[in-house]
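Novice: Based on the provided sequences and hints, a complete structural model is requested.
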Amino acid sequence: MFDSNFVKQIKTKKEKWQEDQSKNVPERTNSSGIPINLFYDPSNIDQLNYDKDLCFPGEYPFTRGIHNTMYRGRLWTMRQFSGFGTAEQTNQRYKYLLSEGETGLSVAFDFPTLKGYDSDDPISMGEVGVCGVAIDTLKDMELLFEGIPLDKVTTSMTINAPTPVLFGMYLAVAENQGVSWDQIGGTVQNDALKEFIAQKSFIFPPEPSVKLVIDVIEFCVKYVPRWNPVSISGYHIREAGSTAAQELAFTLSDGLTYVSKTIERDLDVDIFAPRLSLFFCAHNDFFEEIAKFRAARRMWARFMKERFGAKKDRSMWMRFHTQTSGVALTAQQPENNIVRVALQALSAVLGGTQSLHTNSFDEAWQLPSEKAVTIALRTQQIISHESGITATIDPLAGSYYLEWLTDKIEEEAMKYIDRIDNMGGMIEALKKGYPQREIANSAYEFQKEVDNRKQVIVGVNQFMDEREEVKIPRFRIDPEVEKVQLERLKQIKENRNQEKVLKHLNKLKKAAESNENVIPYVLNSVKVFATLGEIITTLKEVYGVFKEQIVF
Amino acid sequence: MDVQTLVDGLFKGDIISTTRLISLIENDFVKAQEIIRKIYPHTGNAHVIGITGPPGSGKSSLVNKLALTWRNRGKTIGIIAVDPSSPYSGGALLGDRIRMREISGVEGIFIRSMATRGSLGGLARATRDAINILDASGKDVVIVETVGAGQSEVEIMKVAQTIVMVLCPGLGDEIQAMKAGTMEIADIFAVNKSDKPEAMETVNDLERMLNYEGLDESKVGWMPLIVSTSSTANIGIEELVDKIEEHQGFLTSMTSEALHEKRAAMELVDTLITKIENEAIKKAKESPVYNELVKKIVEKKIDPYQAADIILRKYMTN
Amino acid sequence: MKRIKVLVAKPGLDGHDRGAKVICRALRDAGMEVVYSGLEQTSEQIVSAAIQEDADVIGLSILSGAHRVILPSVTKMLKEKGITDVLVIVGGIIPTEDHEFLKRHGIAAIFGPGTPLKKAAEYIRENVNKDRILIEEK
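Chains as they are written, first to last, in numbering that gives the first Met the number 0: chain B, 0 to 551; chain G, 0 to 317; chain F, 0 to 137.
Simulated from the structure, these hints should not be mistaken for lab results.
For clarity, every value in this text was computed on a predicted model and none was experimentally measured.
Mixed in with the good hints, there may be bad ones.
Stated by the list, open to error - Computed list of lysine-lysine pairs in DSSO-like fashion (alpha-carbon distance at most 30 Å, straight line):
1) B:Lys499 x B:Lys489
2) F:Lys1 x G:Lys11
3) B:Lys431 x G:Lys282
4) B:Lys447 x F:Lys102
5) G:Lys30 x F:Lys78
6) F:Lys1 x G:Lys313
7) F:Lys118 x G:Lys274
8) G:Lys282 x F:Lys78
9) G:Lys30 x F:Lys102
10) B:Lys414 x G:Lys195
Specialist: Okay, here's the thing in structure tokens:
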């Protein structure tokens, strides 16, 4: 990067400086265990080659950004993850957020829905609508998007194992609105692998789960071209306790698996890759996060080109959504969380995210109150309109520290990716419990550091307020919700054409047994008001149910 | 609740009595003896099966399936799953129960996790007594799952009637490295994860090793069997259960006196050792006599045998 | 004093097990014997495991917001089975206003986000039923 004599001079001067100065400063490492120097200078990034390692925005390897104009051309999407109670209640929250300036929708489903159970299943008792919206049938989906034109708004749905069902419902709602499938845009999370590693809302065993992921990709390539059929996620991996390097490595490894599996179905990488998207966490260590996002862009581009032979730029773009870290927010002195979220969001923007969710300050207590979610949204709006950082692309490029850290975190992540490759890929690695063990160890080590104050958390292990009485606007889910939902479900079951439901469920079962793409069959079942639970039960009969081998 | 009430409850198969008695024998050496005195005549009806094998071979998942199969055949099952205690903290993470999720809570199946608490043999000291309790409570089958490391194979032989060693592909070196004599301990070898292609190789390796051992049916009466199983794919489970029951039949048909006496003798010796540890040694350590004796040994005023005699005489007389 | 036996369980559909797994290790490191019953446990399974393991303590981890229905269901079943001397504690996301309600339904203590691991272990040691863990001398 620099003139070699110049670098030699710097190195000599630095050695002398280090001898004189840096005696008693304790060592510092970041979350990924990378030791951080007291300062960085040109000699730290001498190996960097601008053309090869950075290049311009919108040019391979896209380290500085996937688009030529980035936020100057179009701001990131402000997409607040929300959902609670019945579909009508969530619909109102969506309309509120859209009116307050959010630019994309994001659906949070309740636990029964996430795990493929209907609201009237005994196991759902007490959980209906409590931490997300309850969706049992197409009727609920219609109510969820009542008055929201699906050709004008994009929607992200955080759903994994039951993706075919919820996606099928969304497609049916679009049809009912008179919107054709090539007009709708959005994302389904649909990332089975990270369920086994971190989030644990799996249903079927790994192989059929991955098969369903690819079914959705294949279907979208043909029929829903503007849709992102998967959001390869690191957020949950990070929240479960991994380091930044592990988050990066395990996420990309998951992605590499999906790409290979899709190619195995004879789909051309340049046809499906442009619609793959990713999802990262924005945690506390400001620069480590920015470095992580930049490294992710570069690594993804290189993998797509070198490992999979992608030719189009769009196939190599690492398009990603970011959510600020929930686990980093505290129950104590919750207003402090507003500051935490602002800093985390800033790192995501400086990291070039395409879409952002900011957490609400009451994260450690409840689902977001209206006041709290508004502040979270305003945080993004203030960053975008008042801070000036959107004036130029990748403003921190060239920073000695950041470029060094970007390289370093790529190096650390590659160690994990190589290990996983040697195990035979992520499916084999997770069967051996490898990523799960790494995450559990990192989580335990972190907690010990917090307990012995090596890691300070303001308000929790330092600067505490013993007499604190937390006063925040409360947000409770009305217990009536469960009754209302059960009544609605009962009505639908009584009024639908039972014969048609059974006919389509049977066809679905046969299709699953003969390894066909199940999406069209799920769609037909959904249209005759088969319930989520009924469809998932049908698939369970074919694929079985996954039993977790616990790893501490 | 006093011991008699608990024991009465035990004979009726009451779960709370069973569980409280196991805790007592685990923790209270004095009460343990009282309990065993009361229940011992009622033992000897259950078929005690030891499940051993290296970590990672899938013992717990196999036990899970075995228990289900027996349940379907109308039997009641007690399971003792042993995990190691941490040498640093003395605590333990008992992780076998979670691997038996299918049977946790099923009626007629009782699962108890136990920590080794310093015992190096792959079983807890109290395991044998816990087996007796489950036996006396009327369980048809009692399965004991060892830690799988260390001297597990030898220990399990002392407490179980039928020993199943669980192996799986990918642990090929384990078979080669197996200590001499351990191959003779297992009555049945279960080659688990047999849905994997390499499993056939493991079976072949095993057969070769058994032939090498030169076991003579006429001498031992029972030739170790190999069964291919897969707990995830549900292969070979029924067969394994059948073979285990076959072994039970063999044991019953044998000249039982010699075998029973051999077992009883082992139990007596083990119990003697436990009593000495818990009474003589424990009490001695609590008294100043102990340190005095130690000093005398250092000064060569007495030898360790004399010191031991002094302790036994002083603390073993009731 | 015998070793304290703890059953850690995640009732209901909530799959977030970071905290539960961390507390299992912490209690093990504090010298306790810990059984982790895993995810998606019904009240029946939790109570059945607690009885068979003769747990002195049951630690329930729940972050889904369904605590007002799920937790009383567990404590009610314990009572029905005649278990009255087991310490039941809870970790997770529980708004302060629900603490009173849960305490009335048999929950001894609630440990929210930010609780130091040592605090949970100390609380258990101080509050576990002494009759369960003391050994009478002859």
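Novice: Against the structure, test the hints numbered earlier, and report the numbers of the ones violated in rising order.
Specialist: 3, 7, 8, 9
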